[in-house]
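With chain A's structure known, arrange chain B with the ligands on it following the hints.
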Amino acid sequence: MNPSHQPAYGVRLEVRGLHKSFDGQEVLRGLDFVVEPGEIFVLMGPSGSGKSVLLKHLIGLEAPDAGEILINGDSIMTPEIAAKYRMALVFQSGALLNSLTVGENVGLYLREHRLKTPAEIARIVAEKLADVGLADAIQKMPAELSGGMKKRAAIARALVIEPQLILYDEPTSELDPLSSVVMGQEIWKLNQRTGVTSLVVTHDRDLAFGIADRIAVIDEGRILAIGTPESIKQFKDPLVEKFLKADFKRETQIKSL
Amino acid sequence: MFDNIGQVVLLFWRTLASLPVAWRQREKVFEQFFEIGNASLLMVCVLAFFIGGVLALQTGPALVARGLPSAVGGIVGIAVAKELAPVMMAILIAGRIGSAMAAEIGSMRVYQEIDALRTMNINPIHYLVLPRVVAMAVALPMLVVFAILIGWFGGATVAAVNRHMMIPYAAYFGDLRNMVELKDVANGVFKSFCFALIIGTVSCHQGLTTMDGPRGIGRSVTKAVVNSIILIVMFDYILTRMLLH
Ligand SMILES: Nc1ncnc2c1ncn2[C@@H]1O[C@H](COP(=O)(O)OP(=O)(O)OP(=O)(O)O)[C@@H](O)[C@H]1O
Ligand SMILES: [Mg+2]
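These protein sequence lines map, in sequence, to chains A and B.
Residues in the first sequence are numbered from 1 upward in steps of one, following my numbering.
Residues in the second sequence are numbered from 1 upward in steps of one, following my numbering.
If you are wondering where the hints come from, they were derived from the structure by calculation, not from laboratory data.
Every value quoted in this text rests on a predicted model; they were computed, and no experiment measured them.
Fair warning: there could be bad hints in the mix.
Unchecked claim - Which residues of chain B face chain A? A partial, calculated answer using Cβ under 7 Å:
| hint | residue |
| --- | --- |
| 1 | Gln-112 |
| 2 | Glu-113 |
| 3 | Asp-115 |
| 4 | Ala-116 |
| 5 | Thr-119 |
| 6 | Met-120 |
| 7 | Asn-121 |
| 8 | Ile-122 |
What the hints assert, rightly or not - As a list, the in silico BS3-like pairs of lysine-lysine whose alpha-carbon atoms are at most 27 Å apart:
| hint | chain 1 | residue 1 | chain 2 | residue 2 |
| --- | --- | --- | --- | --- |
| 9 | B | Lys-223 | B | Lys-28 |
| 10 | B | Lys-28 | A | Lys-140 |
| 11 | A | Lys-84 | A | Lys-189 |
| 12 | A | Lys-116 | B | Lys-223 |
A virtual CB, placed ideally from N, CA and C, is assigned to each residue, including glycine.
Just chain A, same shape as in the assembly (with noise of 0.2 Å):
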C-alpha cells in the first residue's frame, strides 16, 4: 500500500456564535455554521470582511473572545487537539519559509516530526510537488517564486501533512485562469480521493459554483447567506445579489470633446 494515499477522514467542523474584535474594531460579529464531514464548503465576501482572520481562529491560531470552535465536537483551543487531528492552512501569502528550499518546505512537517525516513521524505516531497505542478523548482528558493508558485508549494506543503481538515485561503487569487481550473480540479479531488473536510475562501465566483457543495457568503463579519449553489444563486438579498454578480463594464459612451 502507499502511505501516502492512506485515506484520511474528514472531521465535522462546527462553529459557534464566533466573535473577535481587534482593538475596539468588530472583526467577526457572532458565526455559526457546521461543515459536515467530507464537504467542500466555500466562503465568500468582500476584501477586509474578516475571512482570513475567521480562518485563523478556525486552525487554533487566534484565540476567539466569545464562542467556540469544535473539530468532532472537541474545542479547538484544547492542546491535545493538534495531536489528535490532523489540519493544514494554506496562506493567503502561501508563508512558506523563506530559508528553506521549497522542497525543504514541503517536507517540513514530516522531517520535524521524524514521520519517515529521509528517503522517503524526498519521495513523497517529489510526489506532491509533482501533483502541483512545481516538480521543476524542487531546489529553488522561495524567494525566486510567483506568487502563483508559492501558493502551489504552499499547497503541496499542506497535503503532506494528509489533513482531515484543510482551509484554503484564496487558493486561485495569483493564478491565470487555466491554473485556476487546474487548481479547483485539484481541490475536489483531493476532497474526492480523501474525503478531506475543505473549507476554502475565494473571491472566484467560478471556483466557488464549480466546486461547492455548499456556499456561504460573509460581509462585515456576518454571515448574509449559506446554502447550496443553487439555493445561493436564488438568494433575494440585494448585497448577496450584486457581490455575485457584479461585473466589470467598460464605458462605451466616450464624450465627444
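Structure of chain B with the ligands alone, referenced to chain A:
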C-alpha cells in the same frame, strides 16, 4: 524595557524545559554555532587584541615609573580574563549576532512563517529558540577563551614595544602566570555563559514578539541589542558580586 521581563523569563524557562529535544535539533545547533563563529571570529580577535593593548598602555607606564614593571602582566591578565573579555565580547556578540537573530525571527513572525510552523504543530521554541540559545551558550564562552588569550597577547605586545615599558614577552607572561589563576579565567568564562543565555533569550523574544509589520522588525532589532547590553552590564555586577570570595 522591563515591561516584558516576565515574558523573557518565561521564554527562558520554556527553552530550558525543551532542552531534552536539543539533541534532535543538533543540526540546527551546529548551523547556528558555525554562523556565530564565522560572523564574529575575526572581530573578536581584533577587538581583544586592542583591549589588551590599551589596558597595558593605560596602566603600564605609571606602574613602570613607580618601579612595578612586574605588575603589568598581572593587571592586564586579570582585568582581561575576569572583566573585559567577557563583557566586551558579550556586547560585541549582542550587536553582531543578537541583532541578526531578532531580525530573522522578527521577519518570520511578520511574514506568518511562525504561524505556519504552529499550524504544522511545530513548536517555534524547539525549532527556532532552542538551537539559537544553545549555540550561543556554547559559542560565546569559547570565543571568550579565545579573546582572553588574544587580549593577553595584545597587552604583551604593547608592553614589549612601548618605549615607556619595554617589558620582554617572557617576563610579562611570567608575571601573568604568577598572578592569574585558572579560577580567574573560569570566572570570566562562566560570566560569558550567563551573558550568552541573556543575549539568546532576549533576542529571540524580541523577534517572536515583533508587531506592526516590517517596520516592527527594525524596532525589535534595536530593542534586542539595547536590552541585551543593559542586562549584560547589570548581570555583570550581580555575577561579579556573587563570585567574589
Ligand atoms: N492582527 C490583526 N490586528 C488588527 N486588525 C486585524 C488583524 N487581522 C485582521 N485585522 C482586521 O480584520 C479585518 C478583516 O481582515 P481579513 O484579513 O480577515 O480580511 P479578508 O476578508 O481576509 O480580506 P481579503 O479578501 O482582502 O483577504 C480587517 O479590517 C483587518 O484590518
Ligand atoms: Mg484574506
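Hint check results:
Interface hint status for Gln-112 of chain B: upheld, as the beta-carbon distance to the closest one in chain A is roughly 4 Å, under 7 Å. Interface restraint check: Glu-113 of chain B against chain A, minimum CB-CB distance 5 Å, threshold 7 Å, status holds. Here the hint on Asp-115 of chain B is kept, as its CB sits about 5 Å from the closest CB of chain A, short of 7 Å. The beta carbon of Ala-116 of chain B is positioned within 7 Å of a beta carbon in chain A (closest approach about 4 Å), and the interface hint is therefore held.
At its closest, the beta carbon of Thr-119 of chain B sits 5 Å from a beta carbon of chain A; the interface hint therefore holds under the 7 Å criterion. Annotation: interface hint on Met-120 of chain B holds; nearest CB of chain A at approximately 5 Å, less than 7 Å. This hint holds: Asn-121 of chain B has a C-beta 4 Å from the nearest C-beta of chain A, less than the 7 Å allowed. At about 5 Å, the closest approach between the beta carbon of Ile-122 of chain B and any beta carbon in chain A falls short of 7 Å, and the interface hint on this residue holds.
The straight-line distance between the Cα atoms of Lys-223 of chain B and Lys-28 of chain B is roughly 25 Å, inside the 27 Å bound, and the hint therefore holds. Our distance criterion of 27 Å between C-alpha atoms is met by Lys-28 of chain B and Lys-140 of chain A, whose separation comes to about 20 Å. A C-alpha spacing of about 25 Å is found between Lys-84 of chain A and Lys-189 of chain A, which places the hinted pair at or below 27 Å, so the restraint holds. With a CA separation close to 40 Å, the supplied pair Lys-116 of chain A and Lys-223 of chain B exceeds the 27 Å bound.
Consistency note: the structure conflicts with earlier hint 12 alone.
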